[in-house]
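Novice: Chains as they are written, first to last, in this note's numbering: chain A, 1 to 285; chain B, 1 to 145.
One should not assume that every hint holds.
Stated by the list, open to error - Here are the simulated lysine-lysine pairs, DSS-like style, with alpha carbons at most 27 Å apart:
1. B:K118 with B:K83
2. B:K27 with B:K118
3. B:K118 with A:K21
4. A:K270 with A:K258
5. B:K27 with A:K21
6. B:K83 with B:K27
Unchecked claim - Some residues of chain A that are not near chain B, with every Cβ distance over 12 Å (derived):
7. D2
8. F3
9. R6
10. A60
11. S70
12. H106
13. N108
14. V121
15. T170
16. V212
17. E257
18. P273
19. E277
No wet-lab data here; the hints were simulated from the structure. Where a beta carbon is used, it is the ideal one built from N, C-alpha and C, also for glycine.
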Amino acid sequence: MDFENRQPREGINTTREHPLKRFMILLGSAAVLVTVLVVTLQLAGGWIARKIPFRYETMAIEQTSLELGSERPPAELVAWLNQLADKVSPGLELPADIEITVNYHHENVFNAFATIGGQLVFYRGLLTQMPNENALAMVMAHEIAHVLHRDPLAGLGGGLSSMLALATLTGQGGTGAAASLLNQTGLLTGVQFTRRMENNADTAALAAVNSVYGHINGADTLFVLTGAERDDSALPQWLERFASTHPLDGDRVRAIEKMAADAGYATTGKLTPLPAEYRQWLNED
Amino acid sequence: MIEVGIAVALVILGYIFGSAAERRHFKSIIKRERELNRLAAVATRFPPEDTAWRQQLVTGNVVIASDYFKTFTASLINIFGGKVTPFESLIDRARREAMLRMKADAQSLGAEYIFNVKYNTSRISQFGAGAIEVMAYGTALTPPE
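All chains should be modelled from the sequences, with the hints used to inform the complete structure.
Specialist: So this is what it looks like as C-alpha cells:
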C-alpha cells in the first residue's frame, strides 16, 4: 500500500484578505451602528419623555423616597432660594402645572442640578461662591429652564434606552476592549445631546434674567468661576469640547456675549446684592 | 477616554506583534511540513497487514494564544456575523503545529506511518486568556526489528 502526505495548499483554510481591511470595515460599521442607535434612541426617548404630562414626574418623585437635600437645611436660606425661583420663573413662561421646589445640600460641591418633578438641588459649595443675586439667578433660571424643557426626563428616557441598547449590543460583542470602545462611542454621541440641552437652557435663562433685572450683568459669573477651576484639564480643548457633557466654560461666556448682542440685552447694570444674612445662613449648616 | 487610549494601544501592539509571530510561525510550519511529508499520517483505521508492525500511540499537542487584535476583531464580527477569519489562521496554525509535533514524536520512534489520526481541541478561556489547545494523535507503525 502507498500512503502519502502532500503539502497543504495555502489560502484554503485561511483568508488571503489583509486583516486590517476587514478590521477597518468592521470598526467603521460598528461606530456607525452605535451612533445611529444612540441618536435614534436619544431622539425617540427624549420625544416620548417630553410627551408625558408633568404631573407624572411629580407623582414619580413623590413615590420614591429619594432624599434630594440635606436633612435639616437652614430654613431661611431654602425659603429665600424658593423665592428667587419664583422671581425668575415668570421670565421663563413656566406653565401653571410645573411647580419648582429648590432643595439645599450642605456638601461643599460646586454644583447645582435639576431632576424630575421640578426638583432643583443647590449645593453649599456653589452657593458660597456666588458674589451677587444676579449670578445665582442665572444658575437658578438655567436649572428651571431644564425643568421647562423637560430635560431631566428626556435625558433619562434617551440616556437609559441608549444605555440598555449599548449594554445589549456590547454584551454580544465579547471582549472588554470592544465593549468599552463601543460604549465610549455611545457616550460621545449621547453627550452631543446633553450639550444641546445646556445651550438651550442658557438661552432661556439669559432671557429670564434679562426680564427680571433689565440687564444680564453677572450672568456669566458661574462659567468664569468654573472655567478658572478647570483650567488644568488634561485634554486638548477641541477634544474636551467634543467629549464633554456641558459646553466649555469659555464657549459659554462667549455664547452669552453673542446672545446678549443678538437680543440687545444690556450687559451692564446695577448688581443686586445677596441678602445680608446670606453668609450667615450658609454658616448655620 | 484613557480606557479608549489603552484599548487602541493594545490593538496596535497586538496587530504588530501578533502578525509578526504568525508570519514566523507559518514559515516554520511550511518548512517542517516539507521535511516531514515523507512520514505519512493518514486517517484510515486499517493498517497494511503484510508486516507485523509495532504499534504505538503518538501525540502532538499545542496551545496557541490569540492576540489582542484578533480577539478585538472577532468581537466586532460577533455583532455583524460572518466568517471569523482572524481565528481561522490561528486554528490552522494550531492544527498544523499539532500534526508536526505528532510526526516528530513518531519520527523519534523510527515510524514509517501514522494511522487513525484524529484531532482534539479545547478552549482555554480562564483568566481572560483567549487560547486554543489542539492535540493530534494516532497510531505510529514502526517496522519490526
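Novice: Now look at each hint and say whether the structure bears it out.
Specialist: So, going through the hints one by one against the coordinates:
no., hint, in the structure
1, B:K118 with B:K83, "holds (24 Å)"
2, B:K27 with B:K118, "holds (24 Å)"
3, B:K118 with A:K21, "violated (35 Å)"
4, A:K270 with A:K258, "holds (21 Å)"
5, B:K27 with A:K21, "holds (23 Å)"
6, B:K83 with B:K27, "holds (24 Å)"
7, D2, "violated (9 Å)"
8, F3, "violated (4 Å)"
9, R6, "violated (7 Å)"
10, A60, "holds (33 Å)"
11, S70, "holds (34 Å)"
12, H106, "holds (32 Å)"
13, N108, "holds (27 Å)"
14, V121, "holds (28 Å)"
15, T170, "violated (9 Å)"
16, V212, "holds (40 Å)"
17, E257, "holds (30 Å)"
18, P273, "holds (42 Å)"
19, E277, "holds (44 Å)"
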